[in-house]
Amino acid sequence: MQAEVRFDHVTCMFGSVIAVDDVTFDIAEGEFFTLLGPSGSGKTTCLRMVAGFQYPTSGHVYIHGKDDTRLPPFERDVNTVFQDYALFPHMSVADNVAYGLMVRGVGKKARRKQAEEMLELVRLGGYGHRRPIELSGGQRQRVALARALINRPRVLLLDEPLGALDQKLREEMQVELKELQREVGITFVFVTHDQTEALSMSDRLAVFNKGRVEQIGTPQEVYDRPLTRFVASFVGASNIVEGPLAERLFGNSQPVSIRPEKIVLSRDGEGIAATIREVNFIGAATRYRIAVDGVEEAALLVTSPNVLTGDNAFAVGTPVRLAWAKGTTQALK
Amino acid sequence: MTGPSVSSPETLPTPSGDAAAGIGRRISRWFYGRPGIFLLLLLLPPLLWLGIVYVGSLFALLLNSFFAIDPFTGMVKYELTLATWKQLFTLANFDIIMRTVTMAACVTVGAAIIGFPLAHYMARYAGPRIKGLLYLAVMLPLWSSYLVRLYAWKLILAKEGIISWIAAHTGLSWLLDALLALPVIGGPSLSVSYIGMFLVFLYIWLPFMILPIEAALERVPRTVTDASADLGARPGMTFRKVILPLAFPGVVAGSIFTFSLTLGDYIIPGVVGSSRLFIGQAVYLHQGTAGNLPLAAAFSTVPIVIMAAYLMIAKRLGAFNAL
Chain A
1 MQAEVRFDHV
11 TCMFGSVIAV
21 DDVTFDIAEG
31 EFFTLLGPSG
41 SGKTTCLRMV
51 AGFQYPTSGH
61 VYIHGKDDTR
71 LPPFERDVNT
81 VFQDYALFPH
91 MSVADNVAYG
101 LMVRGVGKKA
111 RRKQAEEMLE
121 LVRLGGYGHR
131 RPIELSGGQR
141 QRVALARALI
151 NRPRVLLLDE
161 PLGALDQKLR
171 EEMQVELKEL
181 QREVGITFVF
191 VTHDQTEALS
201 MSDRLAVFNK
211 GRVEQIGTPQ
221 EVYDRPLTRF
231 VASFVGASNI
241 VEGPLAERLF
251 GNSQPVSIRP
261 EKIVLSRDGE
271 GIAATIREVN
281 FIGAATRYRI
291 AVDGVEEAAL
301 LVTSPNVLTG
311 DNAFAVGTPV
321 RLAWAKGTTQ
331 ALK
Chain B
1001 MTGPSVSSPE
1011 TLPTPSGDAA
1021 AGIGRRISRW
1031 FYGRPGIFLL
1041 LLLLPPLLWL
1051 GIVYVGSLFA
1061 LLLNSFFAID
1071 PFTGMVKYEL
1081 TLATWKQLFT
1091 LANFDIIMRT
1101 VTMAACVTVG
1111 AAIIGFPLAH
1121 YMARYAGPRI
1131 KGLLYLAVML
1141 PLWSSYLVRL
1151 YAWKLILAKE
1161 GIISWIAAHT
1171 GLSWLLDALL
1181 ALPVIGGPSL
1191 SVSYIGMFLV
1201 FLYIWLPFMI
1211 LPIEAALERV
1221 PRTVTDASAD
1231 LGARPGMTFR
1241 KVILPLAFPG
1251 VVAGSIFTFS
1261 LTLGDYIIPG
1271 VVGSSRLFIG
1281 QAVYLHQGTA
1291 GNLPLAAAFS
1301 TVPIVIMAAY
1311 LMIAKRLGAF
1321 NAL
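Quick mapping for you: the protein sequence lines, in order, are chains A and B. Residue numbers for the first sequence follow our numbering, so the first one is 1 and each next one is one higher. Residue numbers for the second sequence follow our numbering, so the first one is 1001 and each next one is one higher.
None of these hints come from the bench; they were simulated from the model. Where hints are given, some of them may not hold.
To be verified - To give a feel for the contact side, a few chain B residues facing chain A, derived at Cβ under 8 angstroms:
(1) Pro1221
(2) Ala1227
(3) Asp1230
(4) Gly1232
(5) Pro1245
Note that CB positions come from ideal geometry on N, CA and C, so glycine has one too.
So that you can see chain A by itself, here it is in the shape it has in the complex:
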């Protein structure tokens, strides 16, 4: 199958700083694809290379099979939702949304009609005559979406679009965005540094670190089978077990990742003897820091859900047993 967006050995340098380092991957048509990574990891530069705001130093960017590496943004069949929304402050909401049509020479009447339809789609029907400054952050976000979608681009790029919203609105918009993507059937390329956002929204995600792609896969693959130390610790929390502790738990010193919630604690029974060092109540769960008996210098993080109410947690100093299901651990490179 032909890829909608293809990065082919793309490198991008700013002076002597390598922002994107020999990156190759494909994004399939109709996919919700996330570029996840900390700030400065190269994810936004990659997005800008798809949009055409940045040309790679070397390598090729293909959009729908065509080499668009050095095509200016106004000739690409790609639209962007900017982090700061970048609405035109001197235009009404309707004119903002219709801008892409105006540029293409669509008549005023058709423009107005399509803009209103687009605003309906993002649940802002009747807001067309307002100015961007009169809208809330969430509403501006939707105007930016409507404006970017009106040209029916092949690919929609979203540059941390939810970053400026508060937690509750953010979660609502995550659901809405996902629904919108299903509705319009356009390929979404989504940039974020928020791993929960990436896991909950994406069909597939690419984890960026220092200009390189560390891993690409479905959210489950990336979470359950992290290939590198960075992915294990950036996507969700993880215990990276190595050295003497790995020797004690797994019989060899190769680093292994095990998620805190996969470890089951019991007062007695099967498992590795350990002692509670620290107890931390976090609402839905309790987080423990646990030292395995005999390997005191390394600690393991364990979260166990608070199934019962009341004070059922283990106290500091309690001897416990640790166990985990087969296949919940992952050897790291």
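Given the coordinates of chain A, assemble chain B onto it according to the supplied hints.
Quick look at chain B alone, frame taken from chain A:
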């Protein structure tokens, strides 16, 4: 009772602090609870200055224009009359007004055309070093005396000046001669033509156009122009539909400076150009030499009226929508 008492008022400091050293603190506390009074105190001097000294004298001036001078005694007669205003709209005086307004309009348009690209470059492309240098280059002329610059230009534009010299040495004398042969705006040499006066005005007021445009462009986020390109607009379209409208308040602010400064100036038309009068010169002559204060007052209301009309039109055009 003998021995020191722990509860004696001399040994225990009161929580509100030492009265003598705490005056500043007490004043601060007093004002902190009464922000209105503090604001009033701060605003009183400028309000007095603007309200009474400035606006008040402006009204006194306006009032003067409704008196007239007695043709026999040459003294101002303090009776309300429209005679002075009638006099203002005689052909000769109307000529002065039209001449000045035309010059001010040309200078404003010229300054906007020359200033915009530089301001655009400074705001959107120049690195911090170059931007600093350009700021310096724009402002540096303002640090030296207006008169020195004016007489320097007189020499530059003179028949024996550097422009004629360059024209002669590059074989472009015919071009200069053709320019000077133009009716009305030409003349015997650049220094006694309207072209020359235009150049001097343009030079003197250009910084007042560049700086506000630069400030307006500085406030246009990069992503907004990116968004325009992203939606398919070529650079020319982005400029017309996004950059220019957003910079327009800056252009209007700059044009208010260049337009009103040209309208009111009475030194440049006296040094460069023909002997025909401009509004500023007319005001100067009528209130000084001729002693006709009412007519001078009537003349000086002209720029005020023109500026008011200008601002109203600018507002109609949506110049301040993006503010």
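* Hold the hint about proline 1245 of chain B up to the distance rule: shortest CB distance to chain A must be less than 8 angstroms. => holds, 5 angstroms
* To do: Answer holds if the nearest beta-carbon of chain A is closer than 8 angstroms to that of alanine 1227 of chain B; otherwise answer violated.
  => With Cβ-Cβ at 4 angstroms, under 8 angstroms, it holds.
* To do: Using 8 angstroms as the Cβ threshold, decide whether glycine 1232 of chain B counts as touching chain A.
  => holds, 4 angstroms
* To do: Let me know if the C-beta of proline 1221 of chain B comes in closer than 8 angstroms to any C-beta of chain A, holds or violated.
  => holds, 7 angstroms
* Satisfaction of the aspartate 1230 of chain B interface hint, Cβ to chain A closer than 8 angstroms -> Interface hint status for aspartate 1230 of chain B: holds (5 angstroms vs cutoff 8 angstroms).
Violated hints are absent here; each numbered hint is respected by the structure.
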